[in-house]
Amino acid sequence: MTQRQIDILLVEDNPDDAELTLHALRKENLANHIHVARDGEEALEFLFCNGNHAERSFERPPKLVLLDLKLPKVDGMEVLKQLKADPRTRAIPVVILTSSKEERDLVNGYGLGANSYIQKPVDFDQFRDTVKNVGLYWLLINQPPVSNGLGQPASR
Amino acid sequence: MTPLQKNRLMAPSFVLALLVLLLIGLSAYRQGEKNAEAARWVQHTYEVYGDLAGVLSLTQDVWGSARGYVITGEKSYLDPFHNAVQLIPERIQHLRRLASDDPAQQRRLDALEPLIASRIGISQTQIDLRDTGGRAAAEQAVSGGEGKRVMDEIRRVIAEMEAAENQLLQRRAEELRASNARTLAFFMVLVALMAGLLIATMVLVRRDAAAQQRELELTEEARAYAQNIVDTVREPLLVLDAQLRVQSANHSFYQAFRLTPEETEGKPFCELGNGQWNISELQRRLGEILPQHTSFQDFEVECDFPGLGRRTMLLNARTLFRVGNNTKTILLAVEDITERQKAQAERDLLFTLSRDLIGVAGFDGFFKRLNPAGEKTLGFTTEELLAKPFLDFVHPEDREATAAETAKLASGVETISFENRYRCKDGSYKWLLWNATPSVDRQLSFAVARDITERKRGEEQLRQLNAELAERALALETANKELEAFTYSVSHDLRAPLRHISGFSRILTEEYGSSLTPEAQRYLQRIQEGTRRMGLLVDDLLKLGRVGRQEVRLQVAGLNSVVNEVVAELKAECEGRQVEWKVGGLPFVDCDPALMKQVFQNLLANALKFTRPRSQAVIEVGQKEQEGAPAVFVRDNGVGFNMKYADKLFGVFQRLHRPEDFEGTGVGLATVQRIVQKHGGRIWAEADLDKGATFYFTLGASEKSELKTKAATAGDPA
Chain A
0 MTQRQIDILL
10 VEDNPDDAEL
20 TLHALRKENL
30 ANHIHVARDG
40 EEALEFLFCN
50 GNHAERSFER
60 PPKLVLLDLK
70 LPKVDGMEVL
80 KQLKADPRTR
90 AIPVVILTSS
100 KEERDLVNGY
110 GLGANSYIQK
120 PVDFDQFRDT
130 VKNVGLYWLL
140 INQPPVSNGL
150 GQPASR
Chain B
0 MTPLQKNRLM
10 APSFVLALLV
20 LLLIGLSAYR
30 QGEKNAEAAR
40 WVQHTYEVYG
50 DLAGVLSLTQ
60 DVWGSARGYV
70 ITGEKSYLDP
80 FHNAVQLIPE
90 RIQHLRRLAS
100 DDPAQQRRLD
110 ALEPLIASRI
120 GISQTQIDLR
130 DTGGRAAAEQ
140 AVSGGEGKRV
150 MDEIRRVIAE
160 MEAAENQLLQ
170 RRAEELRASN
180 ARTLAFFMVL
190 VALMAGLLIA
200 TMVLVRRDAA
210 AQQRELELTE
220 EARAYAQNIV
230 DTVREPLLVL
240 DAQLRVQSAN
250 HSFYQAFRLT
260 PEETEGKPFC
270 ELGNGQWNIS
280 ELQRRLGEIL
290 PQHTSFQDFE
300 VECDFPGLGR
310 RTMLLNARTL
320 FRVGNNTKTI
330 LLAVEDITER
340 QKAQAERDLL
350 FTLSRDLIGV
360 AGFDGFFKRL
370 NPAGEKTLGF
380 TTEELLAKPF
390 LDFVHPEDRE
400 ATAAETAKLA
410 SGVETISFEN
420 RYRCKDGSYK
430 WLLWNATPSV
440 DRQLSFAVAR
450 DITERKRGEE
460 QLRQLNAELA
470 ERALALETAN
480 KELEAFTYSV
490 SHDLRAPLRH
500 ISGFSRILTE
510 EYGSSLTPEA
520 QRYLQRIQEG
530 TRRMGLLVDD
540 LLKLGRVGRQ
550 EVRLQVAGLN
560 SVVNEVVAEL
570 KAECEGRQVE
580 WKVGGLPFVD
590 CDPALMKQVF
600 QNLLANALKF
610 TRPRSQAVIE
620 VGQKEQEGAP
630 AVFVRDNGVG
640 FNMKYADKLF
650 GVFQRLHRPE
660 DFEGTGVGLA
670 TVQRIVQKHG
680 GRIWAEADLD
690 KGATFYFTLG
700 ASEKSELKTK
710 AATAGDPA
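Chain order of the listed sequences is A and B.
With numbering that gives the first Met the number 0, the residue at position 129 of the first sequence is 128, and numbering never jumps.
With numbering that gives the first Met the number 0, the residue at position 241 of the second sequence is 240, and numbering never jumps.
So here's chain B without its partners, still in its complex pose (with noise of 0.2 angstroms):
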């Protein structure tokens, strides 16, 4: 039950009881007229005995005072009769009086003033005759009986009046009696009536009290609920009297104006801080709210906030009513929108500065907005490239695509780096680079472009310099293949005829040796030597183009055992000379443990070779540091070379020595470099003249091998 619906039940209730009451004042005054009347009735009827009695009497005396006088003859006995002679007629009219009402009544007085003033008479005419007639006379009058029979008569009248008066006295009394009867239970009615509404009100009264409670009780919690939320709410809420005096402010308030609740309530709001809020327009917007139940929205203020700096608020303000002491107050948000705007104007900056295109694009096909870049990008105007669909921007060979990328993002799909080609406006096009976001209900997209023609470009010549790259690789290919086969045929080609030559002239030493003359002989024998000779350069030739295509198989090998290996090899070589072979530690290498047999070969067969005019030749194999590098060098103490024909010294048919000195082919050297190379390493030689020479070389340097070095250098006592 709302509170209205029970004040419209209290209200009639109190209506109800105050009739009530007005009805038992009213009946009771009523009732109380009644018995006054009653009372004045019985009053009435008692002066009517009285007088009836007086009148009774008087006669009586008029009848005694005469009798005593006719016995007597003394005057004194006439007293009481001139008395009541001179008193029945006001009595009589007394009675008149108060029977003036009561026509029976007068009736009967009428019949009664007759009888009296006959019994005057008679009692006159007694008195008459005892003075003419004397005792006698008059005694004789009286006993005639006249005077007896008028006085029975008035008695008679004079009862008959009492017994009416009495009737009329009891039928009063009656009346009476029923009417406080009925007022009694009027009174019993109204009364119960009375304490019905009172108990009803009561009730009513009790029910409203709970009531009341429990919405206080509501209210209370609602209010506590309102403080919560205005508590929690992390914007900064003030409440206002109406004289922009502070009530009350939220938690948020005071920790984002760095206020206390003492600085703050009970003072005038423009006072707050150092007053910042005091802004005419402000409080005139304010003072409006109350008296005109205004609002208002997003009033901008920019200014110094103790301890804050500069910052930009957003106020809004509306009426409160406060349901608890029914008052209505101001409610004043504060936002401080300082950040936000800052946010905002940097993104403008990047929006308006970015050199990437970037643009809002509806799912119509127009463009909605777009950056400067767009312009700087395309050289057409905003304006123009939003006037059109931008589909007509697009180069007519991208189209389809474009269009099929925007439906894909009309469907909700991402576009992730797509390309197309925009017309510029002198009808150049240029690459652009799409990154998009569609947002499906509001049919918008939110694009970034990039320039990319540029790269583009780049891209192209660098596929045009790849293909011309790839067709050159394959030309020289081609010409390695055709160099190898013409290197193989060649040196096969060249070995038959040698082996020809070589053995036609053998066999000519052999079976027609003793029918030539001595210096045919020695020509045989040149020519020989020449095939020889010959053999072995096609030989060393051959080895080195088979270096050239060869793959290296790489496998983890100890390069002391292959230099031990060669050095073995070279054993028969060393026959009658002094050779004082030094190996140090050698590192285990990933190489091609054949190619690497080679490199000694050829390095450790030089240093035989060059040591040769020694007595006592050192040669020396081993490990050292070179330039931060592990390195393996091969040393001799032999004829050396000079240093300023170091870079010839590895190239093919290049050598530093005349044949006649020291044999050779020219291309040793060169086969150790190619396989060198071709394990990701290098080689050099360091010499002097006639003080030795030094050749050093690295292969692929890894940790793997470099551990393995370790762990060689200090298992190895070699």
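Next up, chain A with everything else stripped away, as it sits in the complex (with noise of 0.2 angstroms):
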């Protein structure tokens, strides 16, 4: 099985909420390298290269992490901790992508080291745009870090 690039690692339970970014990110081709973990557990296992995904490896993270907080098996929140807490896999650049915008969510996110916090809009222009512009940025207007596992440039 030949690893491939994945860019963006999105981390979402629901079917539509999926669906709905994906369909947004399509639209400004983002979504070439996309991987969509439906549970937490799933998304530590190829964070973390073991389990389904002990094929991976760590010299290829993701370049992004889109992190919906209420998921089935490991929440979100214990997912950015557990990330955020690895040496190996610190460095990954997490926006969390949810609908919640209690406070606590957004203190506890930012306290484990997310890099940024989005409610998903209800109305889905407001989400499309949205979408669009955390892929921009973060896949071709920041600048990852050189010396820290993230070495590899991405593909385009």
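Because the hints were derived from the structure by calculation, they are not lab data.
Note that CB positions come from ideal geometry on N, CA and C, so glycine has one too.
Wrong hints could be hidden among the right ones.
Here are the computed lysine to aspartate or glutamate pairs in the EDC-like style, where the Cα-Cα straight-line distance is at most 16 angstroms [to be verified]:
#1 A:LYS26 <-> B:GLU510
#2 A:LYS26 <-> B:GLU509
#3 A:LYS69 <-> B:ASP492
#4 A:LYS100 <-> B:ASP538
#5 B:LYS480 <-> A:GLU101
#6 A:LYS100 <-> B:GLU483
#7 A:LYS100 <-> B:ASP492
Facing chain A, a subset of chain B residues (Cβ under 7 angstroms, in silico) [to be verified]:
#8 ARG494
#9 LEU497
#10 ARG498
Work from the hints to combine the two standalone chains into their complex.
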């Protein structure tokens, strides 16, 4: 199995949300290198290269994690916590993309090291714009660190 | 040296002096006697001398006369002869008497008498011869010499007698001289003794006088001292004489009975004042004191005193010896116990009437005294309560603590607010709250107990109520949390499907719109609109929920800047409208600025919304005194509302307008009210249909914010 480069890890349990997010990213041509994890457990396996994703390598981490908070099995905060606690994954940018605008989620999210916190707008236009902007910023504008295991530049 | 000792010494010296005087007198008398006797002896001797000289002379007369007659023959010469013969025996006789106690002189007289007789006989013979023989014969006889020889013999005997008498006299004079000398010496001794005694007595007397002076001074001092004490004593004191007349009284007496010394001294005691002391029993007992050496104590007199009213006095009397003049008087002390009795009566009343239990308990575990409250509280008689150790009445569960507390009392530690249960006669228990003070040397403690059964019951009820309340509060909190979780979850969960409906319908419109009929497109639009409105509703609900849960973070903020910020944000909505904003001076207040912003966002948006039909909208924000407190108001000239529905204004989902007239979720004012309430304030509205509305709100007004209001009003031209 050839390991392809993944730019975005979308952690989203809701297929509708996943569909709409992918739709928005696709429009901007940002959905080519995307992996959708349907729960927190899978997301951790993907990020830590074990379980069903044992073939993956830390050498090629995703450039962005879009993380929902309400997730089956392991919730988004726990995923964030483990990700940011491990030096191998700490540098991966994490954008929390959630329906919640609860202050405690915001505080906790940033406290655990989230790079950005975005509430999914109900209005689809706004939603689409938001997803587009996030994708463009983190994949194209943002300069990832070189010496932290994210050495491989994006293929594009 | 005490006066008594001095007296003991003085008396013998006087007796001695007397004895010496007696001796002097006696010996003087005796010496006088002796001298008189000596004088008699001298007289005696001279008498003897006289007699002897007489005898000799007479005897010579016998001789001479006989010779003369012999020579002359004249008869006249014989007269002395006859005279002498006649007188000589008398003289001899006299001499015998004088020398009756002297045998030697008697013997000499015995010798003298015959000699004289013989001489007389010779002369008689010569006379007879003259007569008979004539002169020559007679001269012959005379010259015979016989007469001369007898005469010489007589002379010799008389001289011998004279010498003896003289010797006797000499001896007697010697004896008298010796006696006189002895007497003189004796006198000298006696006089010396006398002088010594006199000097000693004088010294003693002088010393005694000094001592007496000193004693007098001491006595005076003691008297002054005593008088000072008497005057200083606060208790009125009187000194009465044997006739019960007042000799003196102390200052306290005059003060206490409002009498002057003139009204008192020398007056009979029973007549003092208005005669209130004239009580026969008192008089009797006072009268007995001196004659019978009695005294009395605490004689109680209750009567009216001039200027004092009814008083109770305690009288004490006893004999008072006056050292100065050695008289006996009566000291009478008068004590006014009216106040004390009153206080005692009040204390007794307190003790009797107290609803609190008052008791005296011994360290032996028994009550010694209990007031009637004890009976009333516990139902036992006082006798029953005193008969058993008090621990027997204490609830078994409280006994240990009670015993420990009494042990503490016994060691001198006060009991403060100790609680225990006492058994009542009916078997129930009463809670008592004790305060007690021990008196360790008397082995007693003085305790006061209050029946706190009711309070305890109340406390128990309160405790139960509190527990229930806490339980309920906990349940409420849990329910609240559940509700919050539910709201959160619902809002959250609602948003997702909304988003999906919105998203997919949008995709349909955008990507497949061209293949849809216009009607289908319109429906899709309605779906979009519906989801948008529901989205707003959910967001508002989430906001309300958050306000409810959120803690208010107070800080001082100027409301003008908050309002200005909100007005600026609303500018977009004013596009194409005539809106006049009149913002007055608003106070600086303690508030959560973010929440206050929400308040003004809602109120000002509402004002803007409901003035939409007006060609010229006027929206006013200001501060106004309302019901004595400063209130902030937002006034508009919009459509207003019927005050009939004013109570629904702040309810969730309550709307007073149709959605097609004025859009809205019905959550905004509910949120505003929550915020105002969270600040400790109140919100209300005044309106008239079609004549605009005014919303007032207050915040927890404090002096601080009011002061700031003035400062802000003065300094803010807006």
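Here's how the hints hold up against the structure:
1. A:LYS26 <-> B:GLU510: Holds - the C-alpha atoms of B:GLU510 and A:LYS26 are around 12 angstroms apart, at most 16 angstroms.
2. A:LYS26 <-> B:GLU509: Status holds; Cα separation ~12 angstroms.
3. A:LYS69 <-> B:ASP492: holds (10 angstroms)
4. A:LYS100 <-> B:ASP538: holds (10 angstroms)
5. B:LYS480 <-> A:GLU101: With a Cα-Cα distance of about 14 angstroms, the restraint between B:LYS480 and A:GLU101 holds, given a limit of 16 angstroms.
6. A:LYS100 <-> B:GLU483: Within the cut-off at roughly 14 angstroms; holds.
7. A:LYS100 <-> B:ASP492: holds (12 angstroms)
8. ARG494: holds (5 angstroms)
9. LEU497: Holds: closest Cβ of chain A sits about 5 angstroms from B:LEU497, inside 7 angstroms.
10. ARG498: holds (5 angstroms)
Violation of the numbered hints given earlier is absent; every hint is satisfied by the structure.
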